[in-house]
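Asker: As they're listed, the protein sequences go chains A and U. If you're matching positions, the first sequence starts at 1 in the numbering used here and goes up one per residue. If you're matching positions, the second sequence starts at 1 in the numbering used here and goes up one per residue.
Hints listed in this document are in silico derivations from the structure and should not be mistaken for laboratory results. Just to be clear, a hint being listed does not mean it is correct.
[What the hints assert, rightly or not] Facing chain A, a subset of chain U residues (Cβ under 7 Å, in silico): (1) 21; (2) 36; (3) 64; (4) 91; (5) 97; (6) 100; (7) 125; (8) 129.
All residues carry an ideal CB built from backbone N, CA and C; glycine is no exception.
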Amino acid sequence: MKEGLKNTRANIQNEEEGEKMGMEKPPGLKLVDEGLKRIDGRRLDELRPIKMRVGVLNRADGSAYIEWGKNKILVAVYGPRELHPRYMQDPTKAVVRARYNMAPFSTEERVRPGPTRRSVEISKLIAEMFTGVIFIEEFPRTAIDIFIEVLQADAGTRTAGITAASLALADAGVPMRGLVAACAAGKIEGYIALDLNKEEDNYGEADMPVAMIPKENKVVYWQMDGQMTEEEVKTALNLIKNACQKIYEMQKEALKKRYIDLEGL
Amino acid sequence: MIIRAPVSFNNRGLKTRALVFPGDLVGDGRPMMPTLYAYFERSKTYSSVIGIPQPSRNVIPLNAKYVPKVDDIVIGIVEDIQPVYWVISLNSPYPGILHANETMWEVGFGETGKYLTVGDAVIARIQAVDETRRVFVTMKDPKARKLTSGTIFFYPASKVARILGKEGSMISMIKQKTGATIIVGQNGVVWVRASPIATIVIGEALDIISRYSHVIGLTELVAEYIERRLEEHKSKYPE
Chain A
1 MKEGLKNTRA NIQNEEEGEK MGMEKPPGLK LVDEGLKRID GRRLDELRPI
51 KMRVGVLNRA DGSAYIEWGK NKILVAVYGP RELHPRYMQD PTKAVVRARY
101 NMAPFSTEER VRPGPTRRSV EISKLIAEMF TGVIFIEEFP RTAIDIFIEV
151 LQADAGTRTA GITAASLALA DAGVPMRGLV AACAAGKIEG YIALDLNKEE
201 DNYGEADMPV AMIPKENKVV YWQMDGQMTE EEVKTALNLI KNACQKIYEM
251 QKEALKKRYI DLEGL
Chain U
1 MIIRAPVSFN NRGLKTRALV FPGDLVGDGR PMMPTLYAYF ERSKTYSSVI
51 GIPQPSRNVI PLNAKYVPKV DDIVIGIVED IQPVYWVISL NSPYPGILHA
101 NETMWEVGFG ETGKYLTVGD AVIARIQAVD ETRRVFVTMK DPKARKLTSG
151 TIFFYPASKV ARILGKEGSM ISMIKQKTGA TIIVGQNGVV WVRASPIATI
201 VIGEALDIIS RYSHVIGLTE LVAEYIERRL EEHKSKYPE
């Protein structure tokens, strides 16, 4: 009996280990070639093509849609609005709630609908991050709800989701310190590379998503999976900082398209 | 009843006012008035929303929820009935409490439902707002009354100034062109009483004002639009 338990535990641990390491890399797959080009033809410090649109949903107070490489993400923001149940209300500030959710059809293998360990964690972190960016004291006893729906996933959905969520919040007229841009960097076959795609994420050594307020050069969100040395983390962070400035420009461009060129109005 | 009118409006070649986005610099020094929509840091003022920057270092937001302010005249919808008060929805994150004593009627205990029921609309005045934004409204005001006819439209409260126009130019133009009675609540709720066709046209015009509030020369555009639509309706349904 005891041995049986031990076995199961060992099995579970092995499974978790397996998940962390990703799948076995197919033999012969090279993520970075001799010319330092990656499998999708990008340089190491290059972003995937990004497209953003603001105000795509009529029912929501604010909304945004982002296509980031093969990622497709829709974000809706509601609020500030009355918070129910009443006991959740905070008499001094607004409560920011976020839901990061992957559609069942978003990946190659069907995702079981409903919250998972991963999506609960990401939702919590995104909510806490925006709590620090939004002026929550201005709206006591209310809720600000952010819904991030991943329609198609190809690594880097949380950074793309955060980027779109900050656009949707701006569209909803929620007062905040500034726009938030997010991007990931990681380590693949010993090289530090920006904005990993699915293959690089699965077979690479490390992944580090970071969100920042590019205007103030302030980091507001930082996670890491895998292992990197201090030097490597610094290099990766520098890549991310530059990329976030670029993403910030794209965000402003998307807002301009909506409000100054009156596109989609 | 809410009408969402399908609006066809040519927006090509329209010029807009300069805009700022969250985090953009508005000017040196503090805003002249305390505001939710800009923040002061390291001797400079930055915008916290998408909006039109003002010389006073304030920002007029394009989209904002109504924050109740004392003495505002608002239009609300009864949300709930209690023995001695009603809960009034104010198109805002904060509902208002209307106490039975704050009306022009003599309401007995438990008789609130005889005077106002869920779904009724009233014009009321914000009587008090406390520090956690609990709101009390009163109908003891010459402008306050129960609304029994007409149509109600909802817009973000930040659009009220544009719907009224400079010294009421926009709203008086609409009234004059359509012969309607219109009351605009400070909370972005607009009450319209007019012929059915005029009501539809006014709804469309208000939609345009709300969506294109930062366009230069909007009053003329809306005037043109109303005239065109009324003409179209007239030729479609001759008397």
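Asker: Holds or violated: is there a CB of chain A closer than 7 Å to the CB of residue 97 of chain U?
Answerer: With a minimum Cβ separation of about 13 Å from chain A (threshold 7 Å), the hint on residue 97 of chain U is violated.
Asker: Close enough to count: is the Cβ of residue 64 of chain U nearer than 7 Å to one in chain A?
Answerer: 5 Å, holds
Asker: Given residue 125 of chain U as an interface hint, is its Cβ closer than 7 Å to any Cβ of chain A?
Answerer: 21 Å, violated
Asker: Taking 7 Å as the limit, does the beta-carbon of residue 21 of chain U come near enough to a beta-carbon in chain A?
Answerer: 5 Å, holds
Asker: Any CB of chain A closer than 7 Å to the CB of residue 129 of chain U?
Answerer: 11 Å, violated
Asker: At a threshold of 7 Å, is the proposed contact between residue 100 of chain U and chain A supported by beta-carbon distances?
Answerer: Not OK, violated: residue 100 of chain U not within 7 Å of chain A, min 23 Å.
Asker: Taking 7 Å as the limit, does the beta-carbon of residue 36 of chain U come near enough to a beta-carbon in chain A?
Answerer: At about 5 Å, which falls below the 7 Å cut-off, the nearest Cβ of chain A leaves the hint on residue 36 of chain U intact, so it holds.
Asker: Holds or violated: is the Cβ of residue 91 of chain U closer than 7 Å to a Cβ in chain A?
Answerer: Violated - the Cβ of residue 91 of chain U stays beyond 7 Å from chain A, reaching only about 11 Å at its closest.
The structure is inconsistent with the numbered hints 4, 5, 6, 7, 8, although it conforms to all the rest.
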